[in-house]
Each structure stands twice: as C-alpha cells, then as structure tokens.
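If you follow the hints, you should be able to join the two separate chains into one complex; please do so.
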Amino acid sequence: MSFNLLVAVALIYVAFLFGIAAYAERRTQIVGGGWLRSPLVYTLSLSVYCTAWTFYGAVGYAARSGLEFVTIYLGPTLVFAGWWLLLRKLVRVGRSQRITSIADMISSRYGKSNTLGVLVTLLAVIATTPYIALQLQSVTLSFGVFADPESDFWDPANPASTGLWIAAGLAVFTILFGTRTLNSNERHHGVIMAIAVEAVVKLLALISVGGFVVWGLADGPADILARIDRSDLAGWEIRPSRWAGLIFTSAAAILCLPRMFQVIVVESDDEAHLAAASWAFPLYLCAMSLFVLPIAVIGLERLPEGANPDLFVLSLPLLEDRHGLAMFAFLGGFSSATSMVIVAALALATMLSNHVVMPLYLHRRQDGATMAGDVRALVLRARRIAIVAVLLLGYLYYRFSGGSAALASIGLISFVGISQVLPALLGGLFWRGGTRAGAAAGLVTGFVIWAYTLFLPSFGTAGPFGAAMMENGPFGLAWLRPQALFGVPGMDPLIHTLFWSILLNTVAFCWVSIVTFPTPLERLQGAQVVNVFEHTLGARGWSRGTAEAEDLLMMAQRILGPGEAQDLFHAEAARQGKAGYLPETTPEFLDLLERELSASVGAATAHAMVGQIAGSSSILVEDLIRVADEAQQILEYSNQLEAQSAELERTARQLRDANQKLTELSIQKDAFLSQISHELRTPMTSIRAFAEILREGGLTAEETVRYAGIIHDESIRLTRLLDDLLELSVLENAQVSLSIGPARLVDLVDRAIAATGDMGEVRPKSSLAIRRDRQREEVDLRTDSDRLTQVFINLIGNARKYCDSPEPQLTIRARRSGDRAVVDFIDNGSGIPARSQDIIFEKFSRLSDQSAAGGAGLGLAICREIMARLGGAIEYLPGQGGAAFRVSIPLAAPN
Amino acid sequence: MNKRVLLVEDEPNIIEAIRFILSRDGWRVDTHADGATAVEAVRARVPDVLVLDVMLPGKSGFDILKELRASPATETLPVLMLTAKGQSRDRELAERYGVNRFMTKPFANSEVLESVNALFAGATGPA
Chain A
1 MSFNLLVAVA
11 LIYVAFLFGI
21 AAYAERRTQI
31 VGGGWLRSPL
41 VYTLSLSVYC
51 TAWTFYGAVG
61 YAARSGLEFV
71 TIYLGPTLVF
81 AGWWLLLRKL
91 VRVGRSQRIT
101 SIADMISSRY
111 GKSNTLGVLV
121 TLLAVIATTP
131 YIALQLQSVT
141 LSFGVFADPE
151 SDFWDPANPA
161 STGLWIAAGL
171 AVFTILFGTR
181 TLNSNERHHG
191 VIMAIAVEAV
201 VKLLALISVG
211 GFVVWGLADG
221 PADILARIDR
231 SDLAGWEIRP
241 SRWAGLIFTS
251 AAAILCLPRM
261 FQVIVVESDD
271 EAHLAAASWA
281 FPLYLCAMSL
291 FVLPIAVIGL
301 ERLPEGANPD
311 LFVLSLPLLE
321 DRHGLAMFAF
331 LGGFSSATSM
341 VIVAALALAT
351 MLSNHVVMPL
361 YLHRRQDGAT
371 MAGDVRALVL
381 RARRIAIVAV
391 LLLGYLYYRF
401 SGGSAALASI
411 GLISFVGISQ
421 VLPALLGGLF
431 WRGGTRAGAA
441 AGLVTGFVIW
451 AYTLFLPSFG
461 TAGPFGAAMM
471 ENGPFGLAWL
481 RPQALFGVPG
491 MDPLIHTLFW
501 SILLNTVAFC
511 WVSIVTFPTP
521 LERLQGAQVV
531 NVFEHTLGAR
541 GWSRGTAEAE
551 DLLMMAQRIL
561 GPGEAQDLFH
571 AEAARQGKAG
581 YLPETTPEFL
591 DLLERELSAS
601 VGAATAHAMV
611 GQIAGSSSIL
621 VEDLIRVADE
631 AQQILEYSNQ
641 LEAQSAELER
651 TARQLRDANQ
661 KLTELSIQKD
671 AFLSQISHEL
681 RTPMTSIRAF
691 AEILREGGLT
701 AEETVRYAGI
711 IHDESIRLTR
721 LLDDLLELSV
731 LENAQVSLSI
741 GPARLVDLVD
751 RAIAATGDMG
761 EVRPKSSLAI
771 RRDRQREEVD
781 LRTDSDRLTQ
791 VFINLIGNAR
801 KYCDSPEPQL
811 TIRARRSGDR
821 AVVDFIDNGS
831 GIPARSQDII
841 FEKFSRLSDQ
851 SAAGGAGLGL
861 AICREIMARL
871 GGAIEYLPGQ
881 GGAAFRVSIP
891 LAAPN
Chain B
1001 MNKRVLLVED
1011 EPNIIEAIRF
1021 ILSRDGWRVD
1031 THADGATAVE
1041 AVRARVPDVL
1051 VLDVMLPGKS
1061 GFDILKELRA
1071 SPATETLPVL
1081 MLTAKGQSRD
1091 RELAERYGVN
1101 RFMTKPFANS
1111 EVLESVNALF
1121 AGATGPA
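As you go down the protein sequences, you meet chains A and B in turn. Numbering of the first sequence is given in the working numbering, commencing with residue 1 and proceeding in unit increments. Numbering of the second sequence is given in the working numbering, commencing with residue 1001 and proceeding in unit increments.
To be clear, the hints were calculated from the coordinates, so they are not data collected in a lab. Please note that the accuracy of each hint is not assured.
[What the hints assert, rightly or not] To be clear about the criterion: a stretch of chain B counts as covered by chain A if any three or more of its residues have a C-beta under 8 Å from a C-beta of chain A, and this derived list gives those stretches:
{"#": "1", "segment": "1009-1015"}
{"#": "2", "segment": "1018-1026"}
{"#": "3", "segment": "1067-1078"}
Note that beta-carbon positions come from the ideal geometry of N, C-alpha and C, so glycine has one too.
In isolation and in its complexed conformation, chain B is listed as follows (with noise of 0.2 Å):
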C-alpha cells in the first residue's frame, strides 16, 4: 500500500516543489487549497501524514488542526505544520493544540523529507 501525505496549502509555487520532493521518495501526495474544507477533505480520506499551512484562506492552520484533534478518527493523526510568520507564539500555540512537528518557511528540504518520514515511522514503526 502506498504511504499517502495530504498537503493543505494555498501557494502554487510551494505546493509543486513539495510535491516533487516527497514524490521523489515514493510518496503519493494529494493536495487541498482551502482552508475552510480541509476537515472535510482529510476525514474523507485520513491520510498517513498530514503536512499543513497556517496561513490559508478560509480558516487558519491552528483551527483545523483543533478540530482534527478533537474527533477520535483524527486524534493521533501525525501533523507537519509549516509557517511563514514564524513567530515563537505560533510554535507554542501549535504545541498546546497537539502538533508533532513545527517548522517554519523558508525550510530545507530535506529536513521536510526527515520529518515527513519520521512522522509516518512513528506512527507505524512499533505496531
């Protein structure tokens, strides 16, 4: 079965260097621009590891992220979130909604492929 990342965010130009960096680890990666139907589209079909911007229109990172968190589908779901504000309260406010990775732009990439990877292992890895 192929390891599937779902990428919520609203920049074209990031999206395509995302995509061409975790397919290029045998990754499928599906995408979604709109922040307002993210739960809809990650519940519809749960990925193995969501990557998500704060930034996006419709509704911010941190509110998806709190909703995915409160729903027992979605509770231990591993979330990458990547900010361009990258300010230190983003992080902590992150954290306290339940993130397991934090990075801000502009990010190597492969320090986005460690992490994707990582997430997805230690999700699986022990089981």
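One chain only, chain A, in its complex shape (with noise of 0.2 Å):
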C-alpha cells in the first residue's frame, strides 16, 4: 500500500470531519441544534477520553502487564456511575456559574481569584504536555508502520520530523476548528460533532480488527478464550496497591482533565445528558476494551520477538495483507489522537487566553476609562497563538522525552499531574471551609511533588536529574530521593507519586483553609458552589448604577461580537418595554450582561468589565473585595467588643453575686452575735439575780443553799457554751492539728459511754439503757481518738438528755461498709421531726427548750464539723423510729 494513499486518505478523512463540523456549526444557528443536542452526541464526545493510547496503547499495556489496562477504564466508570454525587453538581455549578474551563472553575469558586486561574492553566498545560507528546508520537509510529522506506520525502529513522509535520497539522486543524468563532456560550457544537463521529470511527475501527482476530486469526471466542489462558498474559498477578492507585487516578483524571471538563461541563447542553451518559459511556468503554486482550494475545503469539506491542492494532491485520482493514484501524488510532488534540488545544487555549492573557491586558489598559480594540480579535489571536504553543510544547517534551518511552507510562504521569487539582476541585465543591490560600498551597505542594519525583525524571537520566541524583538524592540528601522521599523506598514511581503528592496536597489545602480567612467574596463563591442545589441564580448583583448602556454594548461587541451584543441588547430593551438597543441598566440586566461576557472571557475578567462601566469610577474588583474586607473587619471588631462588653456584663454579676453573699454573711454574722448574746445573757442574768438575792441576806439556810447551787449550775453552764464556742471556731477556721492515731472503734464507744456516766448535768441522768454489740465493733481505725469519742460522747449524751421515752434506750450499732466504718446511734424516743432534720446541725439550732437540755445548741455543729476534719460524715438517719444519728469514719482519715 502506498504512503502517499495513505495521507491521502488522511487528509480526505480531515476534510470530512471539517464538512461534518460546518454543517453542524450552521444546522445550530439555523433550528437550534435538534438531535444534534442530544445525548448520544454528548456521550460519544466523552469519549476523547480513549485517545491514541487507548486505542494503540491498551493493547500494549495489555501485552506487557496483563489486565491493568482495565483500571483506566474503572476510574470513568465509577465516576459515572456515581454521577448523582459529583458529576450533577459539577455540571449544575459549571453551568449557572457560566464556567469556560477548569481553571475558570477553581478560579470562580475561591472568590474569582485569577492567581489561581493562572495556577491551574500553568499545572494543566504542564501536566497536558505529555499527553500531546503521546498523540505525537502514537501517529509517527502509525505512520511508521506504514512508511514505504523508497519515499522520497519520508525518512522513517527520522520520526522527529514526522513528528513536528504532525503537530503543524494538527495545529493548524484546531486553528480551523475550534477557533472560527468565539462563542458566547465557549460550547463547539461543530467540534463536538466532528468529535461524535470520531468516536464511532475508532470504536468500530477497534471492534473490526477484534472481531478479524477472534474470527479470522483463531477460531472463535472458545479458542480466544483458550489461547488467553495458555498465553502468560493470564500469569499476570493483580497488585492491589497499584490496581487503587490506578483507578483513582483515572477517576481523578476524568474529572480534572481539561478536555475532559471541556466535554462534559462546559459543553453540556443539558444536565439529564448525564443520566443517559451514566450508563452508556461505561458501556462505550467495555466496548472500546472488548477485544485488547484477544488482540494482545495473537499478536503475541504471530509477531516476532521484539515487535512494538503498541502498534499490534496495525501491525496484525498488514501482517495478513488485509490493507483496507489497516487503514480502517490507521482511521480509528488517527482519529483517537485528533479528538484528543484538539479538544485539549481548545481547552487550554481557552484558559491561556482567559486566565494569562486578557488580564495582562487589561491591566495594562488599566488607566484608559473605555477600551480601544477588538477585543474579539485579541482573544482569538490569543487563542491561535496558545494553540500553537501548546502543540510545540508537546512536541519538544516528545523530542526531549526519548519518545521510546511505553504509551501508557507517559499517559499516567499525565493523568497522576492533574489529579493535583482534585483536592481543591471537590474540596470546593462539597466544604464552604475551602479558601483560596488552601487551594494554592495544596496545588502547589502537589504540583511540586509531581514534578519532582515524576514528571522531571520522566526525561530520564539525560534529562535534568542525572543518575547520581536519582540514587543518591540532591546533594547526598537520601531522603530526598525523587523516587524514594522520606526514605520511603521500594514503592513504585507512579504509586510513589501519587501517594505523597495527593496526601501532602489535601493536608496543605485543608491545614492552610483552616487557618486562613476567606474573602467576602470568597465566602460568596463558596455558598454558590456548595449549595449549588438551593439557589441557582446570579452571584452578587450589581446596584443600579450609572452605567452608560451605551458603553457597555460597545464593550459587549467588542467580546461577543456585534450580532450577539445587538441582539442582546435589544431582546433586554423589548423586554423592558423601550425601542431600540439601549435598555435600561438595571441590576438584572448587568448580571446577564456579565455572564454572557464571563462565557467568552472568564469570570473575573467579566467581572472587572462590567465594573468597570458600571461603577461610576473605574471599580475593579479588588476594590470591591477591599471595601467587602474592610467592612468585614469592622464587623469583625464590633464583635469583639460586643465579647468585651459580654465579659465586663459577666464580672459585674458576679461582683453583684460576691456582694450578695457578703450580705448575707454579715446577716448571718449578727444573727450569730445575737444569738451568742442571748446564750451568755441568760446564765448571767440567773447568776446576777441570785448573786443580789444572796447579797442582800435574810434567807433561810435551806433557800442560801439552793441560791448558791443555781448560781454553780449556771456558772458551769456558761463555761460550756464558751468552751463550745471556742472549739467550733478552731474547727470551722481549719486550725485544728489532729493527732492520727491507730484506734480500736470499741475502745472509743467505751470510752465515750464512761464519759456520759459523769458529764455534770443541769438535770438528774436519766436511766438511759445502751444496747450495743461490741464484738462488730472490733474495727481497726486510723484516726483522732479524742475528737471521734467528742461525736461519740455528744450523740450519747443527746440521747440521754432528749429520748422522751418512759424507758430510754440507745442501740449502737456499728459495721465495716468498704473502706469505711459506719456507726449507728438510735434512740427509742419520739425522734426528730421530718422539717427540723435540715437544720439539727446548724449551730443554735436547739429544738426543745432549754431547761431541759443545758446546751447552747452548739454540739451537732460541732460533730459536724469533726467528721469533716476527719474524711467522714454525720448524718440524721429517718424513719428509724426514734432519733438516729450515721456517723460514717474512714478507715484510714487523711492527714
């Protein structure tokens, strides 16, 4: 077969699709799309995902690591599958938000910031590069395959300057296609066309030489089957690690690629296209994946040793002299690489031109208040120009690379660079916490890691980092290792890579969101994005200015071009009731105005546009968000001094609080005094009375006698209410020094009873009768004997005074209850009424009368305070029938 028919064939080809892209191009215009908008057409565009090395290099990747190839085809599918989740709200946020570009997307979502529009086109043409260059090099080596070595103009041991022939072609072919026009809306309805029959041409171009192998090569699927199993492709073992890397990569890719959110976002004519593409771009995918391995398999099997397994889609069917059928198969690898080309061209022109160029430019026409020039014109200039470059970029990374390097490998570092954008991407999406310093830090620490451990030694070793480099790290630093950081060794590059960079960029993006503050606008954005599903309208709106209607539609058709601004611009005044193309600029129509605008040049630009007009002065947008923070700043202060006032309002109760309790503890104070007044007075005045009676004489010996021992009775009585009142004042002001000792609880209830055999009483004793069981008071304690028998002296000697029963009886009671000891003091008196029960302990809280306690009032007080000094506690204990005192002691009381 000849060459020359075959780039004749090309070119035919070329010309075919460039008719099929024209006659979309005006059946859109004329009746509005039809089924060219359907979504059919919209799943058969995604499928410039299969490129050049899906149609030539799955087979080889096949014929080299089995089935891995699968895993690039796993991502697409479960992203798809899952588009309920993320593909739904990327399109909804894509198409309210007027989003050219993924670039345009991270940008508008993090307050229209354009230093991250810049960052993302740079990482996108970075990481595009070696795909083209795998374009490049998969149609040199088609072209090989065919190459008539008696050509004149054809050197096949030149393949670089096939190379750059190619990349002109297809430079020139983009040029033609995707920049004819610069649309209002950035969609291609002509290119995506031209891209849906491409994709039919290499699906069934790929099914062809399958279906020649399984049918003409063997004999049937069985025998295929067979062969597979015989062959070592099916030794072939499965690494899990590398299978999850691979499929999230390729899931990662096909979100973040930019010809991929070219097709999907920005050229989507309708959100329910995805429902259909859910299923049947999967579907296209199996198909395209049907026959790699049967194909693999014969190849192997018929092609001699060391023949390029890349290139077994062609090199099979010239084998068996079947040369329409290795046309048809050229057609398919041909038509891979151009869709891909191109659309990534268009995709990367657009954010060169939207996210590099025009703000260059219009800083620099910052100072003129209206702009001169076609804007149009520039932009597509632009355009063409980013076109250009990028080809040659992919070109010299071609050159530069090798270019022997296996189609998949150079495919992957691709598709693991752009992943980078993924943290930001969905972090955007799903958490208004993401700011703009959090997506740069995060894209620049995983754009960094990539280039460092992948794409820089990519070249290898006669690329920039030599091989002492790569053994030994920079400057001897063995943890710097490109391919073994943090002395992490042994893993592979590819799963190296995208382990550190993915999870050191998501730390940096959500470590730098967390500590940074966003914007107002940011924060606009940001609920924009996140609750795309609640509100899908204009972002901020713009006041009713005095803009100039008349300036803006001549800004309007120097973007959108003078049909478009008219038209537009007339619809608005018709729909406002007024002739003509000036209508009134109410809010409304400034917001329309600048998504359309922000469509052909992205959104901040657009933005900085219209305000330009709009405001009365030239307002950029950095004014707008300096006003925005400012007035966030004062917002920011008002609440801090509205803390400050909350704080002072909080010292100021409880200063109200500590007053309050100060009065009360002087009330309590006075009633205290008044009541220890009332306890001295009272002995005294029977002592001074008796004291006068006596003094005066005249009585008889009998009445002498009982004077002086009421005055004796009552002296004693006022040294035991001092006593009482001195011990409780030690106790209360914590003065007391115990002296712990080991004691014996029997030892201390004998004790304690003696005691109150003999306590000088006002009144005659009573016979009070105690009940106890000394053996369960065998108990071991640590503690103050002295002030344990006083509690035990006083609850006795309670009952003896107060038990009002014909025939009084204690029962002591004592038990070891974990680490503490528990003694009970009951009586068989009437007992203590349920309402006094909260007050017995307080001091003066005598409740029978006097005369016939001979207390103050002060000896529960007292016990009280004992048992607190002691690590235990005294306690009324109700319903026992009688009065009943718990006196609870700990084994050991602390020190």
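What follows is the structure, encoded as structure tokens:
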C-alpha cells in the first residue's frame, strides 16, 4: 500500500470531519440543535477520554502488564455510575456560573481569584504536554508502520521530523476547528459533532480489528479464551496497591483533565444528558476494551519477537495483508489522537487566553477609561497562538523525553499531574471552609511533588536529573531521592508520587484553609458553589449604578461580536418595553451581561470589565473586595467589642453575686452574735439576780444553799458554752491539728459511754439503757481518737438528754462498709420531726426548750465539723422510730 | 385585792429569781412558759402588770405584745419587757409596738421591782 495513499486518505478524512463540523455548526444556528444536542452525541463526545493511548496503548499495556489496563476504564466508570453525587453538581455549578474551563472553575469557586486560575492553567499545560506528546508519538509510530522505505520525502529513520509535521498539521486543524468564532457560551457544536463521529470511527475500527482477530485468525471466542489462558498474560498478578492507585488516578483524571472538563461540563447542553451518559459511557468504554486481550494475545503469538505491542492493532492486519482493515485501524488511531489534541488544545487555549492573556491586557489598559481595539480579535489571536504553543510544547516533550517510553506510562504521568487539581475541586464543591490560600497551597504542594518525583525523572537520566541524583538524592540527601521521598523506598514510582502528592496536597489544602480567612467574595462564591442546588441564580448582583448602556454595548460588541451583542441588548430593551438597542442598565441586566461575557473571557475578567463601566468611577474587583474586607473587619471589631461588653457584664454579675453573698454572711454574723449574746446573758441573768439576793441576806439556810447551787450550775453552763464556741471557731477555721493514730472503734465507744456517765448535768441523769454488740465494734481505725470520742459522747449525751421514752434506750450498731466504718446511734424516743431534720446541725438549733437541754445548741454543729475534718460524715437517719444518727468514718483518716 | 403580775418566761432559774424578788414586795406572781399560748393566758385573767420575755418557744415576745395591743381589753395593759439579746433595734421595735418599759438582761433586782411598781402606779395611781 502506498504511503502517499495513506496521507491522502488522512487528508480526505480530515476534510470529511471538517464538513461535518461546518454542517453541525450551521444547523445549530438555524434550527437550534435538534438531534445534534442529544444524549447520544454528548456520550460520544465523552470518548475523547479514549485517546491514541487507549486505541494503540491498551493492547501494548495488556501485552506488558496483563489485565491492569482495565483500571484506566474502571475509574471513569465509577465516576459516571455515581454521577448523581459528583458530576451532577459539577455540571450544575459549571452551567449556573458559566464556567469556561477547569481553571475558571477553581478560580471562580475561590472568589474569582485569577492567581488560582493561572496556577491551574500552568499545571494543566504542563500536565497535558506529555499527553499531547503521546498522541504525536502514536501517530508518528503508526505512520512508521506504513512507511515506504523508498519514499522521497519520508525518512523513517527520522521520526522527529514526522512528529513536527504532525504537530503542525494538528495545530492548523485545531485552529480551523476551534477558533473560527468566539462563541458566547464557549460551546463548539461543530467540534463536538466531529468528535462524536470520530468516536464512532475509532470504536468501529477497534471492533473490526478485534473481530478479524477472533474470527479470522483464531477460531472464535472459545478458542481465544483458551489461547489467553495458555499465554503469559494469564499469569499476571493483580497488585492491589497499584490497582487502587490507578483506579483513583483515572477517576480523578476524568474530573480534572482540561479536555474532559470541556466535554463534560462546558459543552454540556442539558444536565439530563448525564443520566444517559452514566450508563452509556461505561458501555462505550467496555466495548473499547472488549478486544484488547484477544489482539494482544494473537499479536504476541504471531508477530516476531521485539515487535512493538503498542502497534499490534496496525501490524496484525498488515501481517495478514489486510490493507483495507489496516487503513481503517489507522483512521481509528488517527481519530483518537486528533480528537484528543483538538479538545485539549481548545481547552488549554481558552484557559491561557482567559487567565493569562486577558488579565495582562486588562491590567495594561487599566488607566484607560474605555477600551479601544477589538477585544474579540485579541482573544481569538491569543487562542490561536496558545494552540500553537501547546502543540509545540508537546512536540518538544516528545523530542526530549526520548520518544521511546511506552505509551501507557506517559499517559499515567499526565493523569497523576492533573489529579493535583482534585483536592481543590472536590473541596470547593463540598466544603465551604476551603479558601483561596488553601487551594493555592494544595495545588503548589502537589504540583511540586509531582514534578520532582515523576515528571522531571520521566526525561530519563539524560534529562535534568542525572543518574547520581536519582540514586543518592539532591546534595546527597537520601531522604529527598525523587523516587523514595522521606526514606520510603521500594514503592512503585507512580504510586509513590500519587501517594505523597495527593496526601500532602490534601493536607496543605485543608490545613491552610482552616488557618486562613476567606474574603467576602470567596465566602459568597463558596456558598454559591457548595449550595448550588438551593439557588442557581447569579452571584452578587449589581446595584443600579450610572452605567451607560452605550458604553456597555460597545464593550459587549468587542467581546461577543456585534450581531450577538446587539441582539442581547435589543431583546433586553424589548423586554423592558423600550425600542432600540439601549435598555435600562438594571442590576438584573448587568448580571445577565456579566454571565454572557464571562463565558467568553472568564468570570473574573468579565466582572472587572462590567465593573469598569457600571461603577461611576472605575471600580475593579480588587476595590470591591477591599471595601468588603474593611466592612468585614469592622464587623469583627464590633463582634470583639460585643464580646468584651459581655465579659464586663459577666464580671459585674459576679461582683453582684459576691456582694450579695457578703451581705448574707454579714446578716448571718449579726444573727450569730445576737444568738451568742442571748446564750451568754441568760445564765448571767440568773447568776446576777441570785447573787444580789444572797448579798441582801435574810434567807433561810435551805434557800441559801439552793440559790448558791443555781449560781454554780449556771456558771458551769456558761463555761461550757464558751468552751463550745472556742472549739467550733477553731474547727471552722481549720486551725485544728489532728493527732492521727491507731484506734479500735470498740475502745472509743467504751470511753464515750463511760464519759457520759458523769457529765455534770443540770438535771439528774435519766437511766438510759445502752444496747450494743461489742464484737461488731472490733474495727481498727487510723483516726484522731479524742475527737471521734467527742462525737460519740455528744450523741450519747443527746440521747440521755432528749430521749422522751418512759424507758429510754439507745442502740449502737457498728459495721464495716467498704473502706469505712459506720456507726448508728438510734434511741427509742419520738425522734426529730422531718421539718427540723435539716437544721439540727446548724449552730444554736436547739429544738426543745433549753431548760431540758442544758446545752447551747452547738453540739451537733461541732460533731459535723469534727467529722468533716476526719474525712467522714455525720447524718440524721430518718425512719428509725426514734432519733437516729449515722456516723461514717474512713478506716484511715486523711492526714 | 392582791396586786398580780404575770411573768411570761421560759428559763426556770430566771422565773425563780423574779418570783422571789416580786413576792417579797407583796406581789402575787403567776408564770407562763409557753409563747404560743401566752396571749390566751393573759386574756383569761388580765394581770395588773405583765412581765414579758422576748425569746420564747412558740411565739416571740414582740408578736405577743402586738396582739395584746390590738385587743381593747389589753390595749393599755402595763408591759415590762425583758430581753437577753440587747440590741438597740429590739428596743425600737418594742417601743413601736407599745411597750411601757424595756430592760436588758442581766438586770439589777431593784430596777425590776421599781419598774413593776411604777407601771402599776402609772396605771392606777391618778384614777
């Protein structure tokens, strides 16, 4: 077959595609799309995912690594199967915000930051370059297969020049296809239609070769399966870490690759197409991969050792002299390569012109109040230059990477590179907390690690990194070896890069997002994107300014083209009930205009452009943000003031509380002094009165003795009262020094009972019977024996004084309970009424009249203080018939 | 007719002392120890002079005085109040309620006797 024929067929095919594109373009303009905007075309256009790498490379991949090539299809299949979760939101955001590219998406989400736009653009260009190189390589190789050694202008020994020709051809092709007009919504119906046709061609081509292999060269599916089983391919192991990594990478790539973003989001006509694509696209991928293994197996069997498995799809038909089939396969591969290059170059050109060229242009023209020159022409020129630059870069990479690396590995380098956008993209879609600084930090971190550990080493030892550097790390720092970061060796280089770059990228994104503060515009855009399903209207609105409709029209004409701009203005004027082309510049209209413009020049630029005219003076986005920032600072300052005033109020309340407590304490103190006064004066009164009576004389001997006795008793009462007061004061001020030592409970009770036998009572003692079980009192304690005995004396004494039974009886019951000894004192009197049980431990809370008591009402208060000091407790035990007290003592008192 | 004093007091030793002092001067001394029923005791047989303690079980001397002053039969009954609390606020309170004399414990025996006699004379003397 003549090589010239091949070139001719390729050229005719291109012309055919061009015709299709032109037809589709025109038809869309006339009838508005129709079947051209169907789910089928949408799904087929997604097939730009399947590049020459897939077409040729999958067979090579299978021949080298067995089933692993399937992972490249599994990732996208998962993403599309779960379209409801992720793709639906992505497409909704893209459409409602008029997003033009993945860079615009990230820039727009993080407050229309052009820095981020530039970052993503750079990352995309650098990551896509190897990919374009890959297409050049595969087309070059496929030409080489047909090459006629005798051709005059074809030198198979110099594939580099072939590559250059192909790159140039593709550039022209893309420029012709993609930049004929500047579309208002950045959609290219013609291109998409051509891509869809190419999708069909490459699928049919691969299936034809597959069918030929299965039924022509082998004896049907059963035979093929048997051959696969016999071949080396069946022996390949599945490496789980590599599989997981590759599935993740391909899933990330389908979301982040500029060309995929272009066809999935930007070119999307209808969100509902996603539902169909969710099953149809995986089906397409499945069909594409169906014959990969059969072709690989038969190729390995039939072709000589050393034949490039990446070219089996072509070389097998040629070997069997099926030139027609080989030509068809060539067209399939050609379709795969061209569709990828066209869409990728288009997407990158859009990004470059919107995020790099236009901002620079606007910046230079900032002082000029109106914009001179034709922006449209500028944008188109920028895009054309960008397309040439992108293809040139791809060619240079192809030249300098040696051009010999297997197709699949080059593709994977690209995939991992573009995956660095994933954290910022997903974080932006689902997490309102993600900030511009966080996204930038994550992108830069991931990009640097990718470039250092995978991209730069991919140039081989002849590249920027020498063999010594790869072996020993930079400056001999082993932990910085590009393929064993942080001293973790032995990882697959691809998985190594994927792991570290995505991990550190995500960590940097989250951490910086958390520590930095979003600007108001970021907040607004973040809310807009994350909550896209709640409101899909425009972002912040324009206020009714002094915008001149004429100025706006002039600007719009430059960007949208005169016809479209005039239509837009005329329709708006008609809607407002005005004739002509100059509507009122209402906020709604400015919003609409900004959306239209942003489709052509990106969100940030469009906002700045409208702002320049709609503001009375030239207001730039930065100015707006600055104003908003200031407003926010004021808000925060006032929040701080509010917090301070709340703090003051709290302090004041605490002071009020403290003051009230002091007042209460003061009242309590007065009441206490008054009580003491009463308790002291009462015995004093008797003493004084009888002393006077005795002094006056004239008494009988009997009277004299009796009155002297009263004086004596009252003096003792007075002394005891003073003793109690002092004791209580010491206990309450915690000045008491305890003498802790070993003691036996039974001894202490014995001592207390003996002591109450002679208490110097005012009244004769009643005959109180005491019942106890001495055996159960055999408990060893470490405590202050004297103090504890004092408590027991008090309780037994109280029973003697207050028990009102005709046959008074006191039961003392002791037992051990955990690390405590518990002693109950229960008498058989009428007990203490429930309402008084709470107050009996308070000072001077004597219940009965004091003539019967002879105490000042301090006994139980003292008991309570003593037990607190000993780490125990004394409580009233209700429901025991008589008065009942429970004393619990720790077996070892605190020191 | 014997002049009669009613002593409302709950301390037995103080009761004994005051009884001794007043009886020696020809007074008949009746005693009542419970605050809660003191008003009824007074109404049952209105004495010539009432000696009233403040801190009583059941009802305070101030409340007893207030009730007595509210009733026509005892509106002008001469009352000597004795208190061991000795705060000036108590004296003011007693005077507001209409006490005739107010003394703090401990007291001089002669003063108690003199006060009771003066109260008796003030109530019956001029008439």
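Now for the hints, and whether the structure bears them out:
1. 1009-1015: With 5 residues closer than 8 Å to chain A, the segment 1009-1015 of chain B meets the three-residue bar; holds.
2. 1018-1026: holds (count 3)
3. 1067-1078: It is violated: at least three residues are needed, and the segment 1067-1078 of chain B offers just 0 whose Cβ sits closer than 8 Å to chain A.
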